[in-house]
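K.L.:
Here are the chains, one letter per residue:
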Amino acid sequence: MGEEIEPRIIEGALSLPYRWATGPVGARFLEGLKNKKILGTRCPKCRRVLVPARKFCPRCFVDTDEWVEVGDKGILRTFTIINFSFVGQVRKPPYIVGIIELDGADVGFTHFIGGVDLTDIEKAARELRPGMRVQAVWREERKGDILDIEYFKPVRE
Amino acid sequence: MSGRVAIVDVAQTKHGAPYIRNLTVSDLVYIVVKELLEKTGISIEDLETIITSSSDFWQGSGCSNVFYFDAAGAYLKDSPKVEEDSALGFVYAFMRILSGHFDKALIVAVTKCSEAPSISDITSLNSDPFYQRPVGIEEVTAAGLQAQQYVSRYKLSDEIRAEIAVKNYRNAINNPYAHRRMNLTIDEVLGSEILAYPLRRLEVADGSDGAVAVLISSEEAARKLTDTPVWIRGVGWSVDHYFLGDRDLLEVVSLREASERAYKMSGIRYPRKQIDLAEVCETSTVQELLWYEGLGFCNRGEGWKLIADGVTGMYGELPVNPSGGVLATNPYVARGLIRVAEATLQLKGEAGRRQVPDAETAIAHSTHGAAGSHHTVIVLGR
Ligand SMILES: [Zn+2]
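Chains S and L, in that order, give the protein sequences.
Heads up, the first sequence is in our numbering, so the first residue is 1 and it goes up one at a time.
Heads up, the second sequence is in our numbering, so the first residue is 1 and it goes up one at a time.
Derived by calculation from the structure, the hints in this document are not laboratory data.
All C-beta atoms in this analysis are idealised placements derived from N, C-alpha and C, irrespective of residue type, glycine included.
A couple of the hints might just be wrong.
Quick list of in silico lysine-lysine cross-link-like pairs, DSSO-like style, CA-CA up to 27 Å [what the hints assert, rightly or not]:
| # | chain 1 | residue 1 | chain 2 | residue 2 |
| --- | --- | --- | --- | --- |
| 1 | L | Lys155 | S | Lys153 |
| 2 | S | Lys73 | S | Lys92 |
| 3 | S | Lys36 | S | Lys123 |
| 4 | S | Lys143 | S | Lys123 |
| 5 | S | Lys123 | L | Lys155 |
| 6 | S | Lys153 | S | Lys143 |
The following residues of chain L were derived to be distant from chain S, with all beta-carbon distances above 10 Å [claimed, not checked]:
| # | residue |
| --- | --- |
| 7 | Glu159 |
| 8 | Asp187 |
| 9 | Ala196 |
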């Protein structure tokens, strides 16, 4: 159907503002962060403490019935060191994301791991190991969102 | 009807980004559907139901199928869309035939990753805005967390991970439809820059552009349309917890569930022995090992042995991803249906230089969601 012509590309971008309700359980969890407390809820059936707090247990499908404050320390389950950029990224790469098993919780908690020198990623990775103790570093001016915890830092106990 | 459902034939674009950049999503769909109709000798009037599969996020437009449903021949027809994973579109079409209301169904899937932001940009929108998105959870980060856990728990070496990438990119050389066709060394894979430690750039599936179409039918119709029907012997799908922290990322419980269901339906008891090849949806090197384990090809933590022993290599006893898999070709939403198309070509004996000899039973596997939260397993047979 005729001769080849140069690709023509039409550029555009989407930026759409949303407003998301946290729900009452989410609101109480986030209010807890403001007061340097990490709150979970306990499932009456499997007895697991779920963090962030849930209205119901996703496994047992029953309402949770008890609020439990868990520790702001825990052990590192796994980590990854992010060395690339994407839209909406909160921290500038390189940075570390981890899954932490907080003291008193029965599920993992995803957050940043900090306080580690990342000039050499391979070297930093050798210093991190699953099972190591980490502790939350709290933001000075807390607003009631997940970033009231700046990151978890390795601690020696 | 007999209750048996067959794949009549398949068609795919030559996937890539540079090759097909000047074509629209609609063009790609039109090309594969036309080709499939010509191959099977049926006309568009013969089709009553056409299932489409694409993503609004990837296309940057709501109701993504309105831009191409007519290119699929679906004007005034019964034409629903399955978002995000085209393997589920396939399962949907399968059920429509099983219902007895339709004797033929077409499934078409498309994505042009070259037109969209990156996989990380798009998949961070899959994370909730309260707890996971603000701490950077998206597909590549989740794959990194999962890979590091595998490395720590099972002492997986860098070399085995790299070998998976070497195998898949090299297999892709034999696949004229594949996007990234490369003969790499282990050192080249491990020398590519760190993306999500421990994963290197060449260990993580980047996007592609492409479309794929599959025609399925009842047994009666299939007998008239093809000499080499491929039978849908079993299907299963399952989804894991939403929060990454709620899951053991190495247990892949939803894949175990999905494969158990598909195996039960198809009478497979010893997958390693009874399956001749598998097309799996590995978005990272480590995931290919995890999917071996979840599909029951080996025990937990032993996926590496299948690589070390060459079992899943092109000349092994159970080749995995003779097409090059998702590392080589990843038109995001279409990748699940591409697994079905590739497994079908193998069972028809039409896989050319990537043909696994005498393949009788094959698996097409697809996954969607962070670190493989949703899985679909499809067992196909000759
Ligand atoms: Zn429970």
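K.L.:
Does lysine 155/L lie within 27 Å of lysine 123/S when you go C-alpha to C-alpha?
P.N.:
Distance ~18 Å between lysine 123/S and lysine 155/L Cα, so the pair holds.
K.L.:
Hint check: lysine 143/S vs lysine 123/S, CA-CA at most 27 Å. Holds or violated?
P.N.:
violated (34 Å)
K.L.:
Verify the proposed pairing of lysine 73/S with lysine 92/S, using a straight-line Cα cut of 27 Å.
P.N.:
holds (25 Å)
K.L.:
Per the stated criterion, does the least C-beta distance between glutamate 159/L and chain S lie above 10 Å, as a non-interface residue requires?
P.N.:
holds (16 Å)
K.L.:
Since aspartate 187/L was said not to touch the interface, does its Cβ keep a gap of more than 10 Å from each Cβ of chain S?
P.N.:
holds (15 Å)
K.L.:
Lysine 155/L and lysine 153/S were given as a pair; does the straight-line alpha-carbon distance stay at or below 27 Å?
P.N.:
holds (25 Å)
K.L.:
Is alanine 196/L truly not at the interface, in the sense that its beta carbon sits beyond 10 Å from all beta carbons of chain S?
P.N.:
Nearest chain S Cβ is 5 Å from alanine 196/L, so the label is violated.
K.L.:
Take a quick look at whether lysine 153/S and lysine 143/S sit within 27 Å of each other, Cα to Cα.
P.N.:
holds (21 Å)
K.L.:
For lysine 36/S and lysine 123/S, compute the direct alpha-carbon distance and say whether it is at most 27 Å.
P.N.:
Not OK: lysine 36/S and lysine 123/S at ~32 Å, beyond 27 Å, violated.
In summary, the structure is inconsistent with hints 3, 4 and 9 from the numbered list given earlier, while agreeing with the others.
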